[in-house]
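Undergrad: Modelling step: build the complete structure from the supplied sequences, incorporating the hints.
Just so you know, the protein sequences line up as chains A, B and C, in that order. Following this note's numbering, the numbering of the first sequence begins with 1 at its first residue and continues without gaps. Following this note's numbering, the numbering of the second sequence begins with 1 at its first residue and continues without gaps. Following this note's numbering, the numbering of the third sequence begins with 1 at its first residue and continues without gaps.
Calculated directly from the structure, the hints in this document are not laboratory data. Treat the hints loosely; a few may be bogus.
[Stated by the list, open to error] Each computed SDA-like pair below joins lysine to any residue, with the alpha-carbon atoms no more than 25 Å apart:
1) B/390 x C/59
2) C/220 x A/23
3) B/345 x A/145
4) B/283 x A/69
5) C/221 x C/140
6) C/220 x A/27
7) A/107 x C/33
8) A/109 x C/36
9) C/186 x A/287
10) C/186 x A/274
11) A/107 x C/355
12) C/146 x B/113
13) B/338 x B/130
14) A/109 x C/348
15) B/291 x A/65
16) B/236 x A/155
17) A/78 x A/97
18) A/107 x C/34
19) A/105 x C/45
20) A/17 x C/283
21) A/107 x C/45
22) B/185 x B/441
23) C/146 x B/129
24) C/186 x A/31
25) A/105 x C/31
26) A/105 x C/37
27) C/83 x C/33
28) B/345 x A/155
29) A/82 x A/70
30) A/17 x C/182
31) C/354 x C/344
32) A/78 x B/296
33) B/338 x C/53
34) B/234 x A/146
35) A/78 x C/196
36) B/234 x A/136
37) B/190 x B/113
38) B/195 x B/291
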Amino acid sequence: MTASLAPPRKRQLHAPKFILAGPAIVWWVLFFIAPIVFVIYYSFGTKDTTKLLPVNMSSPSLHNYHQAFSSTFFTTFKATLKIAITATVLTTVIGFPVAYFLAFKVKEKWRAILLALIIVPSFTSFLIRTLAWRIPLAPNGQFSTWLQDWGLIHGPISILETRTAVQIAIVYNYLGFMILPLFVALDRIEGVLREASKDLGAGRIATFAQVTLPLAGPGIAAGVLLTFIPMCGDYVTATVLGGAKGNMIGAMIDQQFRGAQDWPLGSAIAVLMILAVLLILGIGVGLVMGVQYVLKRRRRVTIAQLEALT
Amino acid sequence: MPSRPEPIKILAPVGYREHLSRRALLQLGAGSAGLTALLAACGSSTKTAAPTTTAAAPTTTGATTATTSAPTTAGTTAGTTAGTTAGTTAGTTAGTTGTTAASGPVTYSTVVNKSGGTLNMYTWGAYNDPSIVGDLAQTDLNITMKVDYYTSNEDLITKLSTANGSSGFDVVVPTGPYIPQMIQKGLLEKFDKSKLPNIVNVDKLYLGQDWDKGNDYSVCKDWGSTGWMVNTAKVKTPIKTWNDFIAVAMGEASGNVSVLDTGANVLGMYFWANGIDWNTEKKEDLDAAEKFLVDQFASHIKAFDSYPSTKIATGDYTLSMAWNGDARAAFQDIEDAKGDTSVWKWGLGTPNTELWMDNYCIPTGSPNPDAAHAWINWLLSPDISIKDLKYHGYNSGLKDMPGLITKYAPDLKRSDMIFFADAQVATMRTQRITSAQSRIADIYSKIKAKAGG
Amino acid sequence: MTAAVLPITSEASATTAPRSPKRRRRPDILRGILAFWCGLVLVVLFVPIGLVVLHSFNRGGSFEVWSHHTTTRWWGILFDVHKAGPSLFQIVLITVIGGAIIAYVPRLFGLANRFGRQWGFPLAFAIGVAVVGHRTNNFHTVFRDKNVGDALRNSFVAAFGATIVAVIIGGLAGVGLARRPGWWTKPFMLTVFLLLVTPEIMDAIALAGWMQRFPAIFNKKFLGFDAGILRLWIGESLYSSAVVTLIVRARLAGIDESLEEAAGDLGAPPARAFRQITLPMISSALVAGALLSFTICLDNTIIAEQVYTAGSSTFPIYLLSQLRSTVKPSVGAAAVVLFGITVASLGFVAVVLKRSGDSSSQIAATLAGG
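TA: This is the structure:
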């Protein structure tokens with residue numbers, strides 16, 4: 001006796017697998033991919049202020065790229081990259097101990113509170129937090145007066161409107177965004193692995209270097225990614241605190257678009273910026289992978305070696 | 001009553017500056033003063049005496065009245081001048097407004113048209129008294145105001161252009177020379193003059209400018225000039241000319257200098273210092289400017305800042321290029337911060353400097369043109385105009401400014417930074433948008449990029 | 001770039017066996033140093049925020065320059081105290097009483113009312129906001145400084161609309177990625193990556209130019225909202241939708257498909273299975289994603305500045321334009337209000353996620369982008 005356990009399945013017309021992502025695809029193509037394609041397209045044109053859309057595409061050329069590579073623009077490129085790389089390193093160095101502390105040295109109850117204390121400032125208004133830095137850095141401000149009174153500096157603070165101010169503010173603004181992924185990465189390491197390492201006799205430093213750090217690798221990479229790239233394109237910090245010396249690529253692109261009405265040049269600089277960022281990321285990833293590969297080869301223990309030991 | 005005479009002078013259009021000499025001015029002034037003293041003794045308040053009671057105030061105003069007639073009678077004798085003056089003013093005084101002896105029956109139109117709805121204004125920062133763009137507009141005109149800010153005419157043009165004529169703004173405030181290109185691009189709407197009866201209050205000298213001869217698209221908001229603010233506690237060299245400014249910027253104040261955030265002004269500084277017309281289109285001039293500013297000057301700049309007033313108070317800058325009204329506001333900011341105002345000195349640019357005039361315009365596609373007209377009209381009435389002047393510190397260009405100041409703002413501080421002597425005005429030059437505009441923008445980008453390195 | 005959230009709670013320090021006395025002393029020093037460092041970092045993180053609060057009481061006319069005296073007049077300039085006070089009180093009242101009613105009254109009738117207890121208070125809060133908002137003409141009369149008031153309002157409307165878009169398209173996409181991966185996954189994830197990684201200035205200028213090409217669409221009113229708001233919805237939703245996608249995907253990837261398969265076996269069509277099985281599973285992720293997206297959109301500066309039109313300026317745009325003249329302390333007051341709302345929003349995220357069983361580590365993981 002055969003009893004069918006379930007009603008026969010109708011032959012359904014299966015929608016294509018990506019149908020659920022359909023709306024997202026449409027939205028992003030319309031408002032992200034297409035506009036950026038146009039930006040790349042414009043980067044080959046010439047400025048034409050007689051038209052409402054001031055781009056003349058009649059004779060496309062690379063001259064905007066030539067101009068972007070000219071020494072004056074290139075210096076801002078280099079400055080931006082320098083600021084971003086320094087800031088990434090600094091946030092990693094400052095943030096890693098915090099993340100380590102939260103992941104391994106704190107009870108669950110406190111962890112929630114501390115995490116909240118770190119998350120809240122990081123997610124509040126970027127612009128206001130940047131603006132707030134004008135207060136302590138003001139040359140005639142209270143903080144400056146205190147430092148002078150205590151003899152720590154000999155004249156008023158002169159950091160505002162310089163690259164240093166931008167550097168400080170960027171480190172501050174992105175610190176939270178570096179701590180979080182680092183924490184998540186460290187937290188995901190199973191405690192048993194570290195315990196096993198200690199049980200096998202490795203000292204704390206050895207455990208850290210050979211177990212904790214490599215396992216947290218992907219998370220560290222994520223954190224670097226989440227911070228380095230936005231730093232490169234940062235525009236607010238440079239505008240609020242940078243003055244002339246702290247100019248960054250993001251602000252320069254905006255100046256070309258709104259001030260000089262030179263959309264082709266602005267587009268070219270934007271494209272170059274993305275390419276430069278991707279290039280640096282590529283180099284970074286390559287370096288990391290290379291180091292990993294070398295380490296792996298050194299650490300590889302074949303069965304034959306094991307047998308030789310026993 | 002003012003405790004000391006206000007040396008109030010007015011602007012004469014560029015064209016006439018050539019015809020006016022110090023001598024002619026003094027002659028006219030002396031002549032009118034004599035005549036007015038005579039007529040004042042008679043104590044009449046007829047229309048013919050209209051200019052006289054105004055001139056009964058300090059002598060210098062006599063010269064003012066005389067200069068008003070200068071356009072029509074350049075370099076003539078005093079006698080004829082007085083007559084023409086009477087004629088001009090009599091013609092423009094329609095109806096009477098209750099005036100005191102001090103302001104005389106230079107009468108003004110004070111029509112207030114109520115409107116409704118919201119008014120979106122796009123303007124320069126710190127440029128209107130907060131109540132005039134707020135509560136007062138609500139009570140007097142029934143209009144709710146919203147204001148957005150820009151710092152350069154290029155920003156304004158870009159914003160209007162990218163919105164393709166429907167930016168949502170009802171009133172914008174471009175500087176004169178930029179208006180022709182805005183008209184040509186179809187970014188501005190014509191006025192409905194019937195809704196602007198108070199336009200008669202504007203001194204004739206400020207109407208009919210080169211960029212809009214019929215005032216079909218624009219009307220004077222105010223005019224001002226460019227100079228510098230220097231912290232004499234940190235800079236020992238006195239600064240008398242633009243050359244001094246440049247020298248100090250590259251020397252004692254290097255790294256603590258701010259310049260205005262417009263290419264025309266930065267290049268203008270170079271041209272004025274070197275006796276070149278800042279509207280030059282000659283390639284060699286522009287090349288020389290680029291060479292000097294990019295290669296030598298740029299690295300000394302700390303910031304490109306069109307409103308250095310706050311940062312002067314916080315001590316960011318030692319030397320700043322500034323517009324006169326903003327520099328005046330800086331003194332107030334320094335006082336607020338309990339700083340020392342005595343070390344800061346304002347200087348008007350010499351031997352030449354800028355004369356700019358900002359104008360109220362209505363952009364194309366304005367959602368509420370009725371409110372726009374009502375508001376602009378309201379701003380042209382004397383009491384509101386002076387109230388605004390007290391806030392932004394620029395000459396608002398109405399008839400008989402001294403009389404209005406006496407009436408509405410007798411304790412106006414630092415008025416020497418608002419009203420300029422004739423001799424000073426003679427050194428000011430209006431900007432013209434020329435074929436060099438693109439080149440200037442390029443050079444400016446390079447200066448900015450170099451300053452960042 | 002992202003991995004699924006693994007429901008592991010770290011117990012590293014809790015389960016260490018007792019060690020020799022020598023060993024027990026050493027961790028303390030390191031711990032002490034790390035604790036000190038962490039404390040220092042936290043202080044530095046909060047100092048600027050504290051300064052903003054302080055300077056909103058500055059007596060002088062400028063925000064940055066401290067005049068050594070305090071005053072509350074800027075708050076008075078920002079808010080119409082006679083309207084703002086009662087409004088705030090009304091919201092609190094409705095939240096407390098309404099929430100209590102929704103949460104507890106059904107129990108009197110013997111109903112289990114799990115929904116009410118879980119969502120009672122947030123729901124009452126939303127009702128309170130809606131009612132008071134209606135009374136005060138969309139909070140228009142609460143503010144004396146209409147510029148700031150409208151800027152804040154526009155910020156909220158824009159963030160709200162963008163969040164709705166982001167949740168819908170991101171939620172669907174996340175489900176699709178987790179449940180129906182295929183050849184399309186790689187290019188799609190690449191797009192998500194690009195979205196998260198492209199500097200905002202690039203997006204901003206691209207959108208500004210793009211929208212200018214189609215004035216017929218982007219310069220007209222939309223559903224009764226200004227064209228500017230529509231532009232903001234579009235611009236702000238890009239980044240948020242990517243974030244929501246990742247969050248939902250991460251959440252769903254950790255749960256296997258057996259429940260949905262069971263539903264299918266029992267005869268439920270895919271749509272019903274989605275509605276009754278999948279959706280509840282991701283509901284906490286959706287809410288968390290929505291709140292996160294709202295928080296991010298509130299602060300969106302760069303894109304907003306390029307695409308907005310008059311009358312739809314948001315608070316960051318207002319701030320940026322204030323920077324071009326003088327920043328008044330009333331701006332600080334408005335900033336404090338925004339802080340409060342952001343903190344509340346983040347708090348909700350935490351509550352929602354905690355209710356669905358996440359540990360703080362998982363919450364952090366979600367906020368870090370899944």
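Undergrad: Hint numbers the structure violates, sorted upward?
TA: Of the numbered hints, 17, 27 and 38 do not hold.
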